[in-house]
Amino acid sequence: MFDDRSPIYQQIADKIKDDILRGALNADEQVMSTNQYAVFYRINPATAAKGFQQLVEEGVLYKRRGIGMFVSPDAGERLRAQRRETFFAQLVEPMLAEADVVGIPRQDIVRYIENKVVSPGGAGD
Amino acid sequence: MELGIEVRDLTLRYGNVTALDGLTFGLTGGKIHGLLGRNGSGKSSLLSLLAAFRRPTAGRVLVDGVEPFENQDVVRMTCLIREGGDLYASERVSHVLEFAARLRPGWDAELARRLVDRFRLPTRSRVMSLSRGQRSALAVTLGMAARAPLTMFDEVHLGMDVPSRYAFYEELLDDYLAHPRTIILSTHLIEEVSSLFEQVLIIDRGQVVVHASADELRQRGSALTGPADVVDRFVATRTVLSEQQLGSTKSVAIYGELDPAQRQMAAAAGLELGPVALQDLFVHLTKDSEVLR
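Quick mapping for you: the protein sequence lines, in order, are chains A and B.
Last residue of the first sequence: number 125 in the working numbering, and the count goes up by one each step with no gaps.
Last residue of the second sequence: number 1293 in the working numbering, and the count goes up by one each step with no gaps.
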């Protein structure tokens, strides 16, 4: 279930962020409880709570006392802005480095991307 | 019901052997605590004092604010399950369960039945005819179904096979979530259960080595992977737990938390950062416990 490259609570936080970005979790929607996460991932509820706490501090979730955790209204936009900021550094740069290593010329990459843009659906297959 | 524990300068000697050497710590009630230590480190001695099975040589144990020894009210709220389960060999399993049901005020017969099924325990057999693993599973069943406000398992699950152990971890977590209570699990199968711990107490040679939240302790270890010279420069002034090299790539596990700036520096230098397993930290901390005290 987990990769072992980052702490479990971090992975829970990342999973919730991904769910928000993909639209599986919407603004003001309730997130599963720490106990539900604990049962599902077989972890101490305090560990799950740590992941939630991080998301509260980042403004992605907010707490309704006695009810549970909810997705902040601007969470989706906030996360998209964050991901846009890191998109080139985290995804494009490594791709270009790999292309250089294996010898794919830049114009091949540009051509590939341009073909993708005009293909139906746009986002790729 | 959440029983907290206070231990002050706790010492236990058997003749001239010192099993516990001035332990001081507190355990918050209502949490799952992992008690880790090597063989002979004093885990079982400590638990036997918490459960009032014996009296300290010096120092104090307070369970819910009072000394447990010969205190009926505290003892009734306490359940210590040791390996082997302290069972009468000639009793039938069904009778052992009936007896526990009468003795334990919080007994959950439904939970006991479910565990007996899950562990495939033959209720009509006598304890002496059970395998080691079945005896452990019976002991676990007694400890879980008793649902004591202070529940302690002393390496009880070690004799169980893997499916039974995983069933135990699963049932323990589910039951804890439904009925929060103070649980202490002593074990040296750390990796299997470490995700269940909220707090970890590591003892060695009768002394406390580390007492921290499990997540905090995990953060004290980092694995760094990258070009050997970059890794070497980065870890030069740090406590190295282990290192491996494959060609020009080196992977080093270090002890000591990295702050965000240091993590950023490592990432910028092209190093990959990962966590270190609790078990590896444990091995390190109990190898030479003087160094990091």
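No lab work stands behind these hints: they were computed from the structure.
We treat Cβ as the ideally placed atom computed from N, Cα and C, and that holds for glycine.
One or more hints might be untrue.
[To be verified] Have a look at the derived ranges for each label pair, beta carbon to beta carbon: (1) A/26 - B/1267: 30 to 36 Å; (2) B/1230 - A/98: 16 to 22 Å; (3) B/1178 - A/82: 51 to 57 Å; (4) B/1219 - A/28: 42 to 48 Å; (5) A/59 - B/1114: 26 to 32 Å; (6) A/26 - B/1230: 28 to 34 Å; (7) A/81 - B/1245: 27 to 33 Å; (8) B/1055 - A/29: 54 to 60 Å; (9) A/10 - B/1110: 25 to 31 Å; (10) B/1267 - A/23: 28 to 34 Å; (11) B/1117 - A/24: 34 to 40 Å; (12) B/1118 - A/108: 37 to 43 Å; (13) A/23 - B/1060: 36 to 42 Å.
Okay, the hints, checked on the actual structure:
Under the hint 30 to 36 Å, the C-beta atoms of residue 26 of chain A and residue 1267 of chain B, about 32 Å apart, fit the expected range. Roughly 20 Å separates the CB atoms of residue 1230 of chain B and residue 98 of chain A, a value that falls within the hinted 16 to 22 Å. Taking 51 to 57 Å as the suggested C-beta distance range, the pair residue 1178 of chain B and residue 82 of chain A does not conform, at roughly 37 Å. Checked against the hint of 42 to 48 Å, the C-beta distance between residue 1219 of chain B and residue 28 of chain A comes to roughly 32 Å, which is inconsistent with it.
Between residue 59 of chain A and residue 1114 of chain B, the C-beta spacing of about 43 Å breaks the proposed range 26 to 32 Å. Against the hinted window of 28 to 34 Å, the Cβ-Cβ separation of residue 26 of chain A and residue 1230 of chain B comes to about 43 Å, which falls outside the hint. Distance hint check: the CB atoms of residue 81 of chain A and residue 1245 of chain B are about 41 Å apart, inconsistent with the given range 27 to 33 Å. For residue 1055 of chain B and residue 29 of chain A, the Cβ-Cβ distance of about 56 Å falls inside the hinted range of 54 to 60 Å, so the restraint holds.
Distance hint check: the CB atoms of residue 10 of chain A and residue 1110 of chain B are about 37 Å apart, inconsistent with the given range 25 to 31 Å. Between residue 1267 of chain B and residue 23 of chain A the Cβ separation comes to about 30 Å, which falls inside the hinted range of 28 to 34 Å. For the pair residue 1117 of chain B and residue 24 of chain A, the supplied restraint of 34 to 40 Å holds, since their beta-carbon distance comes to about 36 Å. A C-beta distance of roughly 58 Å is found between residue 1118 of chain B and residue 108 of chain A, which places it outside the suggested range of 37 to 43 Å.
The supplied range of 36 to 42 Å is broken by residue 23 of chain A and residue 1060 of chain B, whose beta-carbon atoms lie about 57 Å from each other.
The structure fails hints 3, 4, 5, 6, 7, 9, 12 and 13 (numbered hints given earlier, in ascending order).
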